[in-house]
Amino acid sequence: MATFELYRRSTIGMCLTETLDDMVSTGTLNPEVAIQVLVQFDRSMTEALETQVKSKVTIKGHLHTYRFCDNVWTFILQDATFKNEEGHEQVGKVKIVACDSKLLTQ
Amino acid sequence: MANGNSGVPSVYLHVIDDVVNKVRDEFISSGAGESVLSELQAMWEMKLVQCGVLPPNIQRPAPPKLTGTPTPVHDLNVPYEGHEEYETPTAEMLFPPTPLQTPIQTPLPGTGEHHLYQTPTPGEYAPVGDPRDISELKGGRPSHYMNPPSPWLGNQRPLGVDVNVAYVEGREEVDRGGSHQSLTQDFLMASSGKRKRDSFTPHHPPAEGVIPQQDGSGDTILEFILPETTSFPHSSKEHKEESVITQIDGNNDDSNNSYRLQGGSSEIYNSPVEPAELRAPTPAVGTPRLAKIEVLDDDEPPLNEDDDDDEDLDDLRQGEEETQTHHLVLAQFDRVSRTKSRWKCTLKDGIMHINNRDVLFNKANGEFEF
Numbered sequence: 001m002a003t004f005e006l007y008r009r010s011t012i013g014m015c016l017t018e019t020l021d022d023m024v025s026t027g028t029l030n031p032e033v034a035i036q037v038l039v040q041f042d043r044s045m046t047e048a049l050e051t052q053v054k055s056k057v058t059i060k061g062h063l064h065t066y067r068f069c070d071n072v073w074t075f076i077l078q079d080a081t082f083k084n085e086e087g088h089e090q091v092g093k094v095k096i097v098a099c100d101s102k103l104l105t106q
Numbered sequence: 001m002a003n004g005n006s007g008v009p010s011v012y013l014h015v016i017d018d019v020v021n022k023v024r025d026e027f028i029s030s031g032a033g034e035s036v037l038s039e040l041q042a043m044w045e046m047k048l049v050q051c052g053v054l055p056p057n058i059q060r061p062a063p064p065k066l067t068g069t070p071t072p073v074h075d076l077n078v079p080y081e082g083h084e085e086y087e088t089p090t091a092e093m094l095f096p097p098t099p100l101q102t103p104i105q106t107p108l109p110g111t112g113e114h115h116l117y118q119t120p121t122p123g124e125y126a127p128v129g130d131p132r133d134i135s136e137l138k139g140g141r142p143s144h145y146m147n148p149p150s151p152w153l154g155n156q157r158p159l160g161v162d163v164n165v166a167y168v169e170g171r172e173e174v175d176r177g178g179s180h181q182s183l184t185q186d187f188l189m190a191s192s193g194k195r196k197r198d199s200f201t202p203h204h205p206p207a208e209g210v211i212p213q214q215d216g217s218g219d220t221i222l223e224f225i226l227p228e229t230t231s232f233p234h235s236s237k238e239h240k241e242e243s244v245i246t247q248i249d250g251n252n253d254d255s256n257n258s259y260r261l262q263g264g265s266s267e268i269y270n271s272p273v274e275p276a277e278l279r280a281p282t283p284a285v286g287t288p289r290l291a292k293i294e295v296l297d298d299d300e301p302p303l304n305e306d307d308d309d310d311e312d313l314d315d316l317r318q319g320e321e322e323t324q325t326h327h328l329v330l331a332q333f334d335r336v337s338r339t340k341s342r343w344k345c346t347l348k349d350g351i352m353h354i355n356n357r358d359v360l361f362n363k364a365n366g367e368f369e370f
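Protein chains in written order, with full-length UniProt numbering: chain B, 1 to 106; chain U, 1 to 370.
A few of these clues could be false.
To be verified - Pair by pair, the computed Cβ-Cβ distance ranges are:
hint : chain 1 : residue 1 : chain 2 : residue 2 : range
1    : U       : Arg342    : B       : Gly92     : 31 to 37 Å
2    : U       : Asp334    : B       : Thr65     : 16 to 22 Å
3    : U       : Gly7      : B       : Leu104    : 37 to 43 Å
4    : B       : Ser25     : U       : Gly33     : 14 to 20 Å
Claimed, not checked - Which stretches of chain B does chain U cover? Using the computed rule of at least three CB atoms under 8 Å from a CB of chain U, they are:
hint : region
5    : 29–40
6    : 64–78
Unchecked claim - Just a few of them, taken from the derived set where beta-carbon distance is under 7 Å, the chain B residues facing chain U:
hint : residue
7    : Glu50
8    : Thr51
9    : Val53
10   : Ser55
11   : Lys60
12   : Gly61
13   : Ser101
Because the hints were derived from the structure by calculation, they are not lab data. Here the structure is a predicted model, which is why all the values come from computation and not from measurement. For each residue, glycine too, the CB sits at the ideal point set by N, CA and C.
Bound-form chain B, shown alone (with noise of 0.2 Å):
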């Protein structure tokens, strides 16, 4: 099945990563298993936010700069307003970075 890498600059994967680092440069875990966890992560994230998550979000706001490289989208929005179900956030500059979903059912 193939993965994104994508979700290991979210908190969760950062978090993820940090601990894993630690944990190899203590000497208490194998990097080859330190991999293979993170590997998991992208898996098991995918999936998640696949099944799990239903919420709608609504982006608005001026494209400062877009990107498309290596299939990835790269976006720098200025006064950007995100708007879901249960309200609404006001932000000055977001960076969206989106893969193609089409990778991952090929």
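Chain B is already provided as a structure; the job is to place chain U on it using the hints.
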């Protein structure tokens, strides 16, 4: 979105459990064992608690794995600010060393191998995902992921700068000085550097025997004039060949294609009145010096040297740094489209970190104005 993270903890706990359950075999077969696995889980969850993503008292349906290391009560003196987790929270910040040391320091076969882990990390992440992702990972967490500076950079640069500056300027002088020495060279120069200026001035009628003037925009007639007006001892056939070379550089001549083929690459960058089709292939670079450098084919690196000074690059670097620390959306795209300056995109399966809060979405529609 005030309570936008309502569903987040349960999803995160689900992910943690899923990962832990599915790597258990790996841990056992590698000799690490269950205790290391539960330590991993406890540390992971504790970090999430400290980030403010998970509630301090984790309510999970069946709390199986919290046995080994009890989650410390949310330690008070951790100098950690949740919103900075995309910067570089060091292990020391997050974990005062003492309480977190493993009770059982499991001796591993691969104990000495932790160097292996650190150095190849970027490379080992690489195969699965996109390279850009990795580079940004590196940027975000320099201590672990930064590559050592490439040695060749240090070697090449200073050399390149000096040689380039000295050489190019000298070369320009030589070119100017030598351009009138021979007719052929004048032809070449006319077709590379000078034509731009000439094309601004009103076109002179071809003067008798003065060949260097045959480079204006209207001189397709040169072919016929040359044999009459010149006093060369060559045959007229040879003249025709020469004149073919020189005359294909005017604005209105009808052989732009051959113009482009014949060393035209250096000209494209110069002329402000160039037809758009000639300018199009290489719009980015454009200094008059380029034409000179192009003649010396051993001067590639100095070209890039100029790019480094470019303010664009600094902007880019600054932009990257800024965006590293800001709000972030990680998702997959289904479709991205643009109509004029209006962009639309459909995203799915995303994790957002907005205003210090994690928000997950199944679908997102974006409408941006560029």
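Checklist entry - Are there hints from earlier that the structure breaks, and if so, what are their numbers? => result 1, 3, 8
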